[in-house]
Every structure is written in C-alpha cells, then in structure tokens.
Amino acid sequence: MSFIIGLDIGSALSKAVIMQDKTLLSSGISPSEGNFLSAINSVLQKALGKAKLAISDIDLIGACGLGASFIPHSFHKISDISCQSRGTSYLLPTIRTLIEIGNQSSRIIQVTEQGKVADSLVSDKCAAGSGRILQIVAKVLKVDLKDMGQLSLKSTQPVKFTTGCAVFLETEAISRVAEGASRENIIAGLHQALTARIAAMAHRMGLKEDCVITGGGAKDRGLVKIMGEKMGKTLLVPDNPLITGAIGAALIVTEKKG
Amino acid sequence: MKTENKKIKKKSGKTLQTAREASYFAKKMLKNALQAQEEGRPIGWSMVTWWQGELIARAIGAELVFPENYGAFCAATGGAEKHLEISDSEGYPATLCGYARNSIGYAKLLSDNNFVPYEGAPGGGLAKPKFFLASGTACDARYKWFQALKRYFTEAPVWTVDLPMPGTKEFFYKGNKELGLKYIVDHLKDYVAFLENLLGTKLDYDRLNEIVDQTFKTLALAHEVDILRRAVPSPMVGSDFWSIMIPHLYLPEDPEAYEFYKKVYAEVKQRVDNKIGAIPNEKYRLMFAELPPWHSLGFFGELAEKFGMAIVIESWNYHAILPIPEEEFEGVTDPLEKVAMLTYYKWTEYNKVALEYNVDPGFFMAAYFQFAKDYKTDGLLAHPLMSCRPATYTLLHTKNTLENKLKIPGVVIDGDIIDLRVFNEKEAFSKMEAFVETMDHYREERKKAGIAW
Chain A
1 MSFIIGLDIG
11 SALSKAVIMQ
21 DKTLLSSGIS
31 PSEGNFLSAI
41 NSVLQKALGK
51 AKLAISDIDL
61 IGACGLGASF
71 IPHSFHKISD
81 ISCQSRGTSY
91 LLPTIRTLIE
101 IGNQSSRIIQ
111 VTEQGKVADS
121 LVSDKCAAGS
131 GRILQIVAKV
141 LKVDLKDMGQ
151 LSLKSTQPVK
161 FTTGCAVFLE
171 TEAISRVAEG
181 ASRENIIAGL
191 HQALTARIAA
201 MAHRMGLKED
211 CVITGGGAKD
221 RGLVKIMGEK
231 MGKTLLVPDN
241 PLITGAIGAA
251 LIVTEKKG
Chain B
1 MKTENKKIKK
11 KSGKTLQTAR
21 EASYFAKKML
31 KNALQAQEEG
41 RPIGWSMVTW
51 WQGELIARAI
61 GAELVFPENY
71 GAFCAATGGA
81 EKHLEISDSE
91 GYPATLCGYA
101 RNSIGYAKLL
111 SDNNFVPYEG
121 APGGGLAKPK
131 FFLASGTACD
141 ARYKWFQALK
151 RYFTEAPVWT
161 VDLPMPGTKE
171 FFYKGNKELG
181 LKYIVDHLKD
191 YVAFLENLLG
201 TKLDYDRLNE
211 IVDQTFKTLA
221 LAHEVDILRR
231 AVPSPMVGSD
241 FWSIMIPHLY
251 LPEDPEAYEF
261 YKKVYAEVKQ
271 RVDNKIGAIP
281 NEKYRLMFAE
291 LPPWHSLGFF
301 GELAEKFGMA
311 IVIESWNYHA
321 ILPIPEEEFE
331 GVTDPLEKVA
341 MLTYYKWTEY
351 NKVALEYNVD
361 PGFFMAAYFQ
371 FAKDYKTDGL
381 LAHPLMSCRP
391 ATYTLLHTKN
401 TLENKLKIPG
411 VVIDGDIIDL
421 RVFNEKEAFS
431 KMEAFVETMD
441 HYREERKKAG
451 IAW
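Residue numbers (the numbering used here), protein chains in the order written: chain A, 1 to 258; chain B, 1 to 453.
Just so you know, these hints were derived from the structure itself, not from any lab.
For glycine and all other residues, C-beta sits at the position ideal for the given N, C-alpha and C.
It is possible that part of the hints are untrue.
With the Cβ distance kept under 7 Å, some of the chain A side facing chain B (calculated, not the full set) [unchecked claim]:
id : residue
1  : P31
2  : S79
3  : D80
4  : I81
5  : S82
6  : T112
7  : V117
8  : D119
9  : S120
10 : R221
Now the in silico label distances, taken between C-beta atoms and shown as ranges [as the list claims (entries may be wrong)]:
id : chain 1 : residue 1 : chain 2 : residue 2 : range
11 : B       : R230      : A       : N35       : 48 to 56 Å
12 : B       : K447      : A       : D59       : 32 to 40 Å
13 : B       : I227      : A       : S56       : 54 to 62 Å
14 : A       : K230      : B       : D112      : 52 to 60 Å
15 : A       : A196      : B       : P280      : 42 to 50 Å
16 : A       : H203      : B       : E328      : 42 to 50 Å
17 : A       : N35       : B       : E445      : 40 to 48 Å
18 : A       : K154      : B       : D140      : 46 to 54 Å
19 : A       : S56       : B       : N274      : 23 to 31 Å
20 : A       : N35       : B       : D140      : 44 to 52 Å
21 : A       : N35       : B       : E256      : 56 to 64 Å
22 : B       : W453      : A       : I174      : 54 to 62 Å
23 : B       : E305      : A       : D59       : 20 to 28 Å
24 : B       : D140      : A       : T23       : 53 to 61 Å
With a Cα cut of at most 20 Å, we get these calculated EDC-like pairs of lysine to aspartate or glutamate [claimed, not checked]:
id : chain 1 : residue 1 : chain 2 : residue 2
25 : B       : K130      : B       : E155
26 : A       : K208      : B       : E328
27 : A       : K160      : A       : E229
28 : A       : K256      : B       : E155
29 : B       : K448      : A       : E113
30 : A       : K256      : B       : E305
31 : B       : K373      : B       : E328
32 : B       : K447      : A       : E113
33 : B       : K352      : B       : E328
Make the full structure from the sequences, and use the hints.
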C-alpha cells in the first residue's frame, strides 16, 4: 500500500496530510511565518510522527499553495482550486459550492459530484477580500484570532465600515476604537464588510447546495454566521477546514501518478 | 518520485514559419515613416480605424504608424516599461489604456529630444507626426488619447473618424443601414478635405480605388485562413494569429501583405490537408477574448505544452471582415462608399447572430457564439485588461452568457496588454490548470443538452 503526502503551503499556515488508499492517516499544521522551508519541515515532522512513518516510506507527494516551490523533496504541483475542490468533497461528498477564505484570497468553487471543479472565481489579490484582514484587525484590537468569532457573536450593533481597502479599513478600525466602539461591534462590522465582498462573488457564481466554507475564515464562527445569513444558506464547516487543500493534493496526485 | 516543479521555460508559442516572419511588416511601417521624415513626406500617427481612415490617408501619400501596434511591439521587446514610467511621471493615471500610456511616454521622450527618436527606441521609434488620425470606434478612451498627445506635438491636428454603432435590434430598423453608410460617406468627404488642406495635395481617387480593391483582396484571403482554422486539430494557434494579423489590420493595401497571406494560406492548408495540429496532442480548443498580454505570449505556449490547450480563434475585431455579398456592391463606384461599407459591415457583421442569441452589444459579444460552433470550442479564455474599459464591461457578460446558452465555460485571467505588473503568470497558470476540470465537466453538460460538439 502506497503512502501519499498532501501539502498545502500557504502564506499563513502550512498543512500536511498523510493518506493511504484514500484513507486519512494523519495531519499536521504549522504557521508559515515567512519561512516556508522551516514550516514545511515542521509540518512534515508532525504528520509523519503521528503516522509513525519516515519520509523514506513515502511514495508520492502532491502539493499546492504559495510556498510549494520550497518543498525540499520531489513533488507534483497541483492547482490550489482543484485541491480545495477535491479535498472538501472527500470530507463532505454532498457539497456543490465551496467558499474558501484563505489568507491571500477568497475563492468560490462549484464542485461536481466527483469533487471536480465545475466553475470557479477567485477574488482579486486584496487583503480586504481575504482572511488577511481578520489578522490585521485582530492585531489592532489586541485580540487573539481564535477569539474573534465568539466576540462577534456577542455584538449588538455592528459598526459600519465605509471603505473597501484593507489599509483604510485598519485606520477606520483604529478610529472606531478611539470613538469608543466595543471590540464586539467592530469585529462584527468587519465580518459584515468581508461578507459583502465575498457574497458579491458568490452571487455572481451562483450558490448550489450544499454549501461549505473552508480555509482560515471557516474557523471564525462569527464570520460563518454572518456569511450564512447574508447568503441565505446554511454553510457547512468540515471538522478541520484547514486541511482540505492538502487532502485534495494527496488525492489528485494519487489519481495522476498512483 | 519524479519532479514536475521545474522552472517554466519560456517559448514564443508561434508554430507557423510565416508567423515568425510577420514582424517584418511592423518594422517596415516604422522604417518607412522614418524614411519619410528624412525625405520631408507627411507622417500620420493613426489608430486602428478598421480601414476607415487609413486607406484614404495612404492614397493621398501619407506614411502611417500605429501607436497601438507600437505599444504591442514595445511590450513584446521589453521596451514599454520605460515609457510607462514617464507617462506616470507626467501625471497620467496608471489605469489609462496601456497603449496610450506607452505612446505618451514615448512622445515625451521624442519631444524632449528635438523630435529625433531616442537611441535604442524599439524598432527605431515612431517618426514625428504631421497629423493624428483618431477613431472613437470600439473604445471611448480613444477619443481623448490623441488629443492628449497634442501636448507634445502642438502643430499636429487631430482628425477623428466616426462610425455609427447601432444596438442589435436597432441595426435592423428599416433604412438604418443606408443612413449609416450615408453618414460615414459624408464624414469621409470632410476628412478628405481636411487632408487635402493640410497636405496641400489632391486625393487621387483612382489611386484610392486601387488601394481599396487590393485591401478587399487581402482581407478575403485572410478570411480564408480563418476558415481553414476550423479544422480539428487546429492548424495554427493564437500566438500565430497575433503575428500574422499585422499585415491585414495595418497594411492591407500593400501588395506585399497579399503575397504574405498567400504563403500563410499555403502553410496552414498544408497542415489541414495532412491533419497536422499546431500543437502536439490538442485536447482543449479555446477561444481567446480581447487583446493578449503582449509581454507574456510564452504563457500560451506553456498552456499548450502542459494541458494540450490550443487557442483556436481570437477576438473577432482583429480578424478580417466576413465577405460582403457581391450584390451589395451593385452600382457602387465611389471608393469612399466602398471604404464606408468595409468598416460598417465589419462592425455589424455578427448582428444576425446577436439577434439569434439576444445579446447586446452585438459587435463585442455575438461573434463568440458563432465561433463556439464553427471552431468546436471547449472554453473561453477571457482576458479583461486592467486599463481597457470596453474589454472589461462586456467580457464577463459574454462569459456568463456563453455558459448559460451554449454550455461553453469561461475562465477569467486578469492582466494588461502592456503593463506586466498586473499580470500574475503563476496565478494565471494555476487557474488554467483548474479550468481543465471545468471544461471536462461542461463537455458532459453539452452532451446531456444535445449540443453537437
């Protein structure tokens, strides 16, 4: 039986999975922190350790993501969009629309029954339209990223942001803090601003059910709730929405080369 | 384990020998204008007017150069960045048309250098204009571009030729065609008077007749090449077309252009007869919409090599006109009227298709519906240009409508004709890789819907 590694080396997080015969054996996640090579080694160590394997036991590596070219082993590069589609469909086979909110961009992908890409839209390279803005504002508010969702859910009067640019959005968040707006209301307002941009893309593409949300944004419960309300859909969230790309990379490389 | 993560090797993507030879015509135009400057003959800087203004200017003895073609030339040879930076420093916004920005930067350098092209200017540079020939056809920015250039050439007047562009349904109103043609002919008479007054010479109508006849001959042959391209596998690809387009779009009255097209036809026909594809292992047949990223044409070669994608047909407006029925010419002797017919028919030739599919504006959208069938395409590669509004406001609508009505999917790759800073080749490649799955999916959808190819 072959052991396959799937890697998704993103700008914020590096993710690895190990699969055998289309079964997920283990996974690992490490922050990329601007050093892709170190993140790749770390995440491989985590995933291999959990599966009790060594790199020499691996038959194939499939990879996607911004930092994939730093992988120090032979690998097959695969499109991020295809990997997200295949990996998410593996976890939730009924999904037909996938919303991925990553650190670099957001994507809307229509998925076939076979987990392939029926259509896709990718946001402009813009921090205000991706998960990056969540990190920027978390820093302004001195809030841990993982607590933002809970805070957003407590909001009673979300603030209105008037700009579509991350740089000005950060400035506006600082102004709202100075005006005495609560962190809860600022975060919920931020979620609404991000939702408006992604919802516009989603409506262009059309939302076929079941709909799922993945990527770092899916870990933010407040964002998921606001997005679901705005789009009028129940958005499913996989148990681990960060590793879908890595799973897809492993599955596709198996199909192509296995 | 084998590796596929090697660095992408650049290729021109041209597959025809004749395509490799076509840059001769771009260089010829630049050289002739520089020669004219030395000899004191008049030079015009012209937009593509779809032959409406160029043929008359040449018949009266002017040499023409085309800042649009020069923009592509500069981008392809790595000479555009310098001009763009100067345009930026002159205060023009970076969101202006890339061709305009390139020519503004170049014009500033030319004017600062006492109207002598600077050393190392791509292709030897554009010679100083005596006049500007502008056009509002296709693009609103074109109305203002040459007016802006006058800042650097204060003595050169701008003449703008105009073309009625009716909506799809309006085109079929009774008498509309006759009125449109009359409008153009009246307008051309004023244009002739303008040129005669400026250049101090009379238009030789016999010479114009010869030029018009030669133009129709060249365009007819260029259209025959387009028909050959319907073959599967495709005998030539987009990267070939963007080169061979130069003679029919810019120099159709030049007998050398006609001779060149004979060679193109023979080369393409030989491939069709022998079922030789331009790219090995053609798997996906794509239409390309709008102008390409001239600075990164190798991208298309990579798509061919990696995914078997062939660009089998491109943006309708750069192709030769469809043949005009013989009976339309009955009783037409005035060459100005023939010129009017040439341009008017070009811009309305797909209106019947537009009516069939109920799309507007027909001239920018309808051809893709016909192409999809004629060329048996699998997808549309839409390249909205950062700096080109007409390209942007119709492309997404075209993409969506093709998906809905013909189940031909589209992929959007953002970029620019000149400014390579807005074209992310890696991201574009990743999108195209995913688009393979999308095209496979829609092939199945077309089968289910009973669509023939």
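Hints, verified against the model:
A distance limit of 7 Å between C-beta atoms decides the matter here; for P31 (chain A) the minimum to chain B is near 23 Å, and the interface restraint is violated. For the restraint placing S79 (chain A) at the interface with chain B, the shortest Cβ-Cβ distance is roughly 4 Å, inside the 7 Å limit, so the hint holds. With its C-beta approaching chain B no nearer than about 6 Å, D80 (chain A) sits inside the 7 Å limit, and its interface hint holds. A hinted interface residue such as I81 (chain A) counts as satisfied when its beta carbon comes closer than 7 Å to some beta carbon of chain B; here the least separation is about 4 Å, so the hint holds.
A least Cβ separation of about 5 Å between S82 (chain A) and chain B falls short of the 7 Å threshold, and the interface hint therefore holds. Hint status for T112 (chain A): holds, given a least beta-carbon distance of 5 Å to chain B, under 7 Å. For V117 (chain A), the interface hint holds, since its Cβ comes within 7 Å of a Cβ in chain B; the closest pair sits about 4 Å apart. The closest approach between the C-beta of D119 (chain A) and any C-beta of chain B is roughly 6 Å, which is under the 7 Å cut-off, so the hint is satisfied.
The criterion of a C-beta within 7 Å of any C-beta in chain B is met by S120 (chain A), whose closest approach is roughly 6 Å, and the hint holds. Below 7 Å, beta-carbon pairs count as interface contacts, and R221 (chain A) has none with chain B, the closest being about 29 Å; its hint is therefore violated. Taking 48 to 56 Å as the suggested C-beta distance range, the pair R230 (chain B) and N35 (chain A) conforms, at roughly 53 Å. Range check, K447 (chain B) to D59 (chain A): about 36 Å between beta-carbon atoms, so the 32 to 40 Å window is met.
For the hinted restraint 54 to 62 Å between I227 (chain B) and S56 (chain A), the CB-CB distance of approximately 58 Å keeps it satisfied. Separation of K230 (chain A) from D112 (chain B) is about 54 Å and conforms to the stated range, judged on CB atoms against 52 to 60 Å. For the pair A196 (chain A) and P280 (chain B), the supplied restraint of 42 to 50 Å holds, since their beta-carbon distance comes to about 47 Å. The hinted window of 42 to 50 Å between H203 (chain A) and E328 (chain B) holds, with their beta carbons roughly 46 Å apart.
For N35 (chain A) and E445 (chain B), the hinted distance range of 40 to 48 Å is satisfied, since their beta carbons lie about 44 Å from each other. For the hinted restraint 46 to 54 Å between K154 (chain A) and D140 (chain B), the CB-CB distance of approximately 50 Å keeps it satisfied. Judged by the Cβ atoms, the range 23 to 31 Å given for S56 (chain A) and N274 (chain B) is violated: they are separated by roughly 50 Å. Between N35 (chain A) and D140 (chain B) the CB atoms are about 48 Å apart, so this pair conforms to the stated range of 44 to 52 Å.
Against the hinted window of 56 to 64 Å, the Cβ-Cβ separation of N35 (chain A) and E256 (chain B) comes to about 59 Å, which satisfies the hint. Remark: the range hint 54 to 62 Å for W453 (chain B) to I174 (chain A) is upheld by a beta-carbon distance near 57 Å. Between E305 (chain B) and D59 (chain A) the beta carbons are some 26 Å apart, a value that agrees with the proposed interval 20 to 28 Å. Evaluation of the 53 to 61 Å hint for D140 (chain B) and T23 (chain A) yields a pass: the beta carbon distance comes to about 58 Å.
Taken as a hint, the K130 (chain B) and E155 (chain B) pair is honoured in the structure, with Cα atoms around 8 Å apart against an allowance of 20 Å. Under the criterion of a C-alpha separation no larger than 20 Å, the hint pairing K208 (chain A) with E328 (chain B) is inconsistent with the structure, at around 51 Å. Simply put, K160 (chain A) and E229 (chain A) have alpha-carbon atoms about 17 Å apart, close enough for the 20 Å limit, and the pair holds. A distance of roughly 65 Å separates the Cα atoms of K256 (chain A) and E155 (chain B); the hinted pair therefore is violated under the 20 Å criterion.
Straight-line distance between C-alpha atoms of K448 (chain B) and E113 (chain A) comes to about 15 Å, which keeps the hinted pair within the 20 Å bound. Distance check on the hinted pair: K256 (chain A) and E305 (chain B) sit about 17 Å apart at the alpha-carbon level, within 20 Å; holds. For the hint linking K373 (chain B) to E328 (chain B), the alpha-carbon distance of about 27 Å lies beyond 20 Å, and the restraint is violated. As the CA atoms of K447 (chain B) and E113 (chain A) are separated by approximately 17 Å, the hinted pair is consistent with the 20 Å bound.
A hinted pair counts as satisfied when its Cα atoms are at most 20 Å apart, and K352 (chain B) with E328 (chain B) qualifies at roughly 17 Å.
Against the hints set out earlier in the document, violations occur for numbers 1, 10, 19, 26, 28, 31.
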